[in-house]
Structure formats: C-alpha cells, structure tokens
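2 protein chains.
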Amino acid sequence: MATLKVSATLKIPPHVPSPEEDSEQLRKAFQGYRAVLLWTLDSAQRDAFLVNEATKRLSSNNWVIMEIASTRSSIDLLNAKQAYQARFKRSIEEDVAYHTSGDLRKLLVPLVGTFRYEGDEVNTTLAKSEAKLLHEKIAEKAYNHDDLIRIITTRSKAQLNATLNHYNNDFGNVIDKDLETNLEDEYLKLLKATIQCLTYPEKYFEELLRMAINKTGTDEWALTRVVTTRAEVDLQRIAEEYQRRNSIPLDRAIANDVSGDYKSMLLALLGHDD
Amino acid sequence: MATLKVSATLKIPPHVPSPEEDSEQLRKAFQGYRAVLLWTLDSAQRDAFLVNEATKRLSSNNWVIMEIASTRSSIDLLNAKQAYQARFKRSIEEDVAYHTSGDLRKLLVPLVGTFRYEGDEVNTTLAKSEAKLLHEKIAEKAYNHDDLIRIITTRSKAQLNATLNHYNNDFGNVIDKDLETNLEDEYLKLLKATIQCLTYPEKYFEELLRMAINKTGTDEWALTRVVTTRAEVDLQRIAEEYQRRNSIPLDRAIANDVSGDYKSMLLALLGHDD
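Those protein sequence lines, which keep their order, are chains E and Y.
Using the numbering used here, you'd call the opening residue of the first sequence number 824 and step up by one each time.
Using the numbering used here, you'd call the opening residue of the second sequence number 824 and step up by one each time.
Next up, chain E with everything else stripped away, as it sits in the complex (with noise of 0.2 Å):
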C-alpha cells in the first residue's frame, strides 16, 4: 500500500489579504484569463463570441455590435457569421434583430446584414447627390431617415468617404460636427460612431482605449477587446493615433493603468517580447 504524503503547500502569507484585496486579486486573474482566452480563438470565433455576449440581456452592448460589423472586413463579417451560426445554431441577423428595438434596430440590423462592396471605384455624381441628402435629413435633424440610415449602412467605404468629403467641402462641416447636437441620444451617438468605423476606424479605437484608460477604474473589457481584436489588423496605426493625441506611447499608458498577468498579456500583444 502506498502511504500518501502529504507536503504543507499551504502558506500562510506574511501579510494576512482582507476580504477586499482577495477579491480584488481574484478580479485580475480573472481579467488575465479573460484576455487569455479571447486571444486563444481564432478571429471569426472571437468576433462571434463577443456579438453573441452583446446580444445577451445582462451584458448587452450595441456599440460592440455596430463595431464587429462596420470594422471588419466583408469576408471576416462573413466568417464570424459563419463560426456564430456553427456555435450558437442561429444567425447574427436574428439574435441582432431580436436583441434591439426601434431606431437602434433600423441601424444595426443593415449593418450587420450588408455583404458591403470593397472595390475603390467611386460614383462621384453619386457622392455628390447623397451628400445634399444627408445634409438635407440632417438639417432637418431627421437622423433615422430611410435615405440617411440606407447610405451610411449599405454605401461601400470609399464610396462612404467620398461622399462625406462633398460634404465636407459643399456644406462647409465634416459631418461629425453636425451630428454633434444632442450627444444624450443613444441612437445619435452611435450613427456618429458608426460613420467613424466605417471611414477612421484608427480614430475610433484611439477614443474608445483613451476613454477606457482615463476612466476611474480602467474599463479592462473595453481595453481587452480592443487589444485582442486589433493586435494583427491595425493595432499599430492606433497606437500612433494614441500617442499622437494623448502625448503618451499606448503600451506606457496601459502599463500605468493595470497590473499582473494581464499586464504583461496586453504588452504582448502590444509587441513586447518579454
């Protein structure tokens, strides 16, 4: 018969953790684990996760929604879709579709439904034309226009950009400026941040990691997703964003802000060997 041996592993610590700090640690591993594993599947799995996560009651978030579908690429649209319907046994669309509501739900089920065109040939009479619509729809502060909504979520990119240019240049504002009315309204936000995706996405992230680092309490699910979801797109280009408008590098500013694991796994991702 084997005797078992049992070592003392169990230490107790020089200093005793209240309740509080316990907790507090517990919360760390956790986000580390949670970084970890979002960066262990794959693109098309991680996008369908966190759509799925979005379109939950308790964690619902229709920005994360608007983001997966207005950054990714057709085909990376396409594959989440596909790696969504594998796990969850139904569409985005539908879950999208069932999750929201009015005016929010007119934007984002579009956005997430379009296959949108990736070429660079641009209509300008077309661009031209559009642009006097939106200003017209925006002058009129109708902003769930059909016309309004249909451009800005089944236009290809650079037609997209196109048209805000003439809009820009006829109208004498960018458009952000004149959607910057009433930035109360969920639904006005998130047009304004939608058109940002589509055209500036660098601009966009750069915003959204400044407004997670400053905020009392680092907001790490925002941080965590969008160094995981970015690392091998465009991490770069956003971090020359950041340190171009907040005069710190990006990986400084994570450094300062969180700790541990965590810590080092968005460094890593961030480029840093050690």
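No wet-lab data here; the hints were simulated from the structure.
Careful, some of the hints might be misleading.
Because identical chains share one entry, a pair is satisfied inside a single copy or across any pair of copies.
Stated by the list, open to error - Derived DSSO-like pairs (lysine-lysine); straight-line CA-CA distance at most 30 Å:
id	residue 1	residue 2
1	1086	929
2	960	912
3	960	879
4	955	879
5	912	1038
6	960	980
7	1000	951
8	929	1000
9	960	929
10	912	1026
11	1086	955
12	1015	912
13	951	1086
14	1038	960
15	929	879
16	980	929
17	912	951
18	951	879
19	929	951
20	912	955
21	955	929
22	1086	879
The hints should help you fit chain Y onto chain E, whose structure is shown.
Just chain Y now, kept in the frame of chain E:
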C-alpha cells in the same frame, strides 16, 4: 487575284411574311436567345444578372429580388452577391436599397441582407410567442410592423415553419389566408409571396408558372426565369405541384403554349432529350 463569287442565297419565301409575322418570329428567336443566354451563365452569375435587371428603373421588379433572396440557400445567395460585386462593382444590398423605398425597402433590404441559419433546430417557446406576435400584428393590420418584418426576414426557414404551424394551430387560420385582405396592395402581395417562398417554394413557383402560361400571350420572361433557375434545383417537384393543381403535365402545358427553339430549349431543361 481571287475572284469574288457571289451565290444567290437570298430567296423569296413561297409565302411572304407580313411585318407582324416578321416581328413575331424575331421576338420568338430573341426569347430563345435569352433563355439560352441565362442558361449559359452559372447559377451565381444568373442570379446576379436577374437582380441587377430587377433593380434598374426600366426593368424594375421587386418580385424577382424577393424570389432570389428567399428561395436560394444562404451560400447560393452569398455566391450571387460575390458574382454581382465582381460584375457590377457595387453590392446587391446598396442597389436593392437604392432602388426601393418605404415598406418595400423595409422588407427587401433585410431579406437580401440576412445570411440565414439553415440548421433544423427549432425553439418551440419562441415559435409560440412569435406566432402570437404575428397574429396580433396581422389582426391590427400592422403588416409593416418592425417585429413582423424581423421574424419573416431573419428567422431560419425551419424556425419560421414552426412559427407558422403554431399560428395555424393556435389561431385557426393559415397565415396566408389572414393576409388575403387586400391584394391590391403591392407590399402585402409581396409579403405573402415572401412567406410562401420561404416555406413552400414549389407552390410559389407553380403559381407563377400557372399565371405565366394562362396569360393571354404567355409571360415568357417569368416562364424562362423559373425554368432556367430551378432546372437543377427543384423543377421536378415544381412540375409535380403543377400537375396536381392543373391536371396537365407541365411539359405539355408549356409545349401547347410556346413554339420553335424557345420551346425546345425549355423542354430540354425540363428533361426532354430530343
């Protein structure tokens, strides 16, 4: 130097055709050519071509858009979208959205946009609650209600089928019957046909063929479209449906109604070797 030798190949026919007979013969030859042209395309290119025609002002046809969006598998619809972009340098979604407005747009845009789940899992609780929701909206004549459109355009065909069975069981009428109130309304007709395409496509195509053949002067365009696009999919089941409903085999009905090369072409697609 070679001498050009001209032999008289132009002969006056024994019966000189009238201009009407001439144009009738040209028309028939052209129809055959059209059918052949459609048939030479692969199915994705064919659907792309049909949708593009349907979004042009002069050949506008919301039914063709609805039919393609509703009766193709998700992957076939995706292939059509890719063929469309390769050929027209725009997306199906933007052209459909641009071409339509009001309720028709509200129905057609998510219909073409959704990458529908195709598994056969059914959520019975959801089917019951959505059957109730559909019944309420239809009772209120709110045929363009957001939730009604959401259910029709995003749920899987299996789920929608379960929902409509609950509708029938719980409220005593098939949904078709309850939608028959005002068939002058273009939107309502299209909504009804959409439901049929999603749940019982052979029946939809049978009706389309019946109308096309019974019309004074066959509607060759519809006839060609159904025969060329369904030949390798479900034309056999459509033919069975046709015979059950009309007491005449589909091939005989077509043979009675058209002639020439066009007739040979259609019969060949129906499986006649000669």
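Okay, which hints does this one fail, numbers in order?
1, 5, 11, 13, 14
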